[in-house]
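Okay, so the sequence shown: first residue is 1 according to UniProt numbering, each after it adds one.
No lab work stands behind these hints, which were simulated from the structure alone.
What you are looking at is a predicted structure, and each value in this text was computed from that prediction instead of being measured.
Misleading hints may appear alongside valid ones.
Calculated lysine-lysine pairs in the DSS-like style (CA-CA distance at most 27 Å, straight line) [claimed, not checked]: (1) 57 / 102; (2) 62 / 109; (3) 62 / 141; (4) 141 / 57; (5) 29 / 107; (6) 132 / 144; (7) 132 / 109; (8) 102 / 62; (9) 107 / 75; (10) 102 / 118; (11) 109 / 75; (12) 107 / 62; (13) 29 / 62; (14) 29 / 57; (15) 132 / 57; (16) 29 / 118; (17) 62 / 132; (18) 75 / 102; (19) 57 / 144.
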Amino acid sequence: MKEDHHLHLDNQLCFAVYSTSLAITQLYKPLLSAIGLTYTQYLVMLIIWQNEGLNLKDIAHKLAQQPGAITPVVKRLEALDYIQRIRHPEDDRQLSLTLTEKGVALKEKAMQITQYVKAQSGIDEAEMAVLKLRLDAFRHKLPKHINLP
Numbered sequence: 001m002k003e004d005h006h007l008h009l010d011n012q013l014c015f016a017v018y019s020t021s022l023a024i025t026q027l028y029k030p031l032l033s034a035i036g037l038t039y040t041q042y043l044v045m046l047i048i049w050q051n052e053g054l055n056l057k058d059i060a061h062k063l064a065q066q067p068g069a070i071t072p073v074v075k076r077l078e079a080l081d082y083i084q085r086i087r088h089p090e091d092d093r094q095l096s097l098t099l100t101e102k103g104v105a106l107k108e109k110a111m112q113i114t115q116y117v118k119a120q121s122g123i124d125e126a127e128m129a130v131l132k133l134r135l136d137a138f139r140h141k142l143p144k145h146i147n148l149p
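All chains, please: the whole structure from these sequences, using the hints.
Below, the structure is given as structure tokens:
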């Protein structure tokens, strides 16, 4: 019987990306736990630190998630007093997410985590930038929907 090397796990790009993602989140886990965040909460905070005032839908879009998946994360961050929801002055149906003082202070701790993770990665900034660009380009080339034959 002919062996099909295309079906070996080690030859799968999807597994390389998946296992790398797991390794990265495992590296972050104890560091984020020390400051009281999960990885998903950290990603939401990264977005708010960069773009304060976005709404839930915008944040979900940036994370390639549905708003319903992000809602409990945002509620937890609000309960932790890192963010607050502010009604838009012109449309009270719109809620913007802004940082509290505690959320601003958390940014300093998170910056230390980012630097530590970069140092632990074993690759320099230039190599990391190239890798990120290639992964972003690859993700954007992937089809949004699969049409089965």
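Outcome of the hint check:
Proposed proximity of residue 57 and residue 102 is supported: the alpha carbons are some 23 Å apart, at most 27 Å. Between residue 62 and residue 109 the CA atoms are separated by roughly 23 Å; this keeps the pair inside 27 Å, and the hint holds. Taking the CA atoms of residue 62 and residue 141, the gap is near 17 Å; set against the 27 Å cutoff, the hint holds. Between residue 141 and residue 57 the alpha-carbon distance is near 23 Å, which keeps this suggested pair within the 27 Å criterion.
For the given pair, residue 29 sits about 17 Å from residue 107 by alpha-carbon distance, which is consistent with the 27 Å threshold. Restraint check for residue 132 and residue 144: the C-alpha separation of about 20 Å stays at or below 27 Å, so the hint holds. At most 27 Å may separate the alpha-carbon atoms for a hinted pair to count; residue 132 and residue 109 meet this at roughly 23 Å. Our distance criterion of 27 Å between C-alpha atoms is met by residue 102 and residue 62, whose separation comes to about 23 Å.
The hinted pair formed by residue 107 and residue 75 meets the criterion: a straight-line CA distance of about 19 Å does not exceed 27 Å. A distance of roughly 25 Å separates the Cα atoms of residue 102 and residue 118; the hinted pair therefore holds under the 27 Å criterion. At most 27 Å may separate the alpha-carbon atoms for a hinted pair to count; residue 109 and residue 75 meet this at roughly 21 Å. Using a Cα cut-off of 27 Å, the hinted pair residue 107 and residue 62 holds, with the two alpha carbons roughly 19 Å apart.
The suggested pairing of residue 29 with residue 62 holds, with an alpha-carbon distance near 21 Å, which does not exceed 27 Å. Straight-line distance between C-alpha atoms of residue 29 and residue 57 comes to about 26 Å, which keeps the hinted pair within the 27 Å bound. Taken as a hint, the residue 132 and residue 57 pair is honoured in the structure, with Cα atoms around 24 Å apart against an allowance of 27 Å. The suggested pairing of residue 29 with residue 118 holds, with an alpha-carbon distance near 15 Å, which does not exceed 27 Å.
Of the pairs offered as hints, the one joining residue 62 and residue 132 holds, with about 16 Å between alpha carbons and a cut-off of 27 Å not exceeded. Among the hinted pairs, residue 75 with residue 102 is consistent with the structure: their alpha-carbon atoms are about 15 Å apart, no more than 27 Å. Only pairs whose Cα atoms come within 27 Å are accepted, and residue 57 paired with residue 144 is accepted, the gap being roughly 19 Å.
No hint from the list above goes unmet by this structure.
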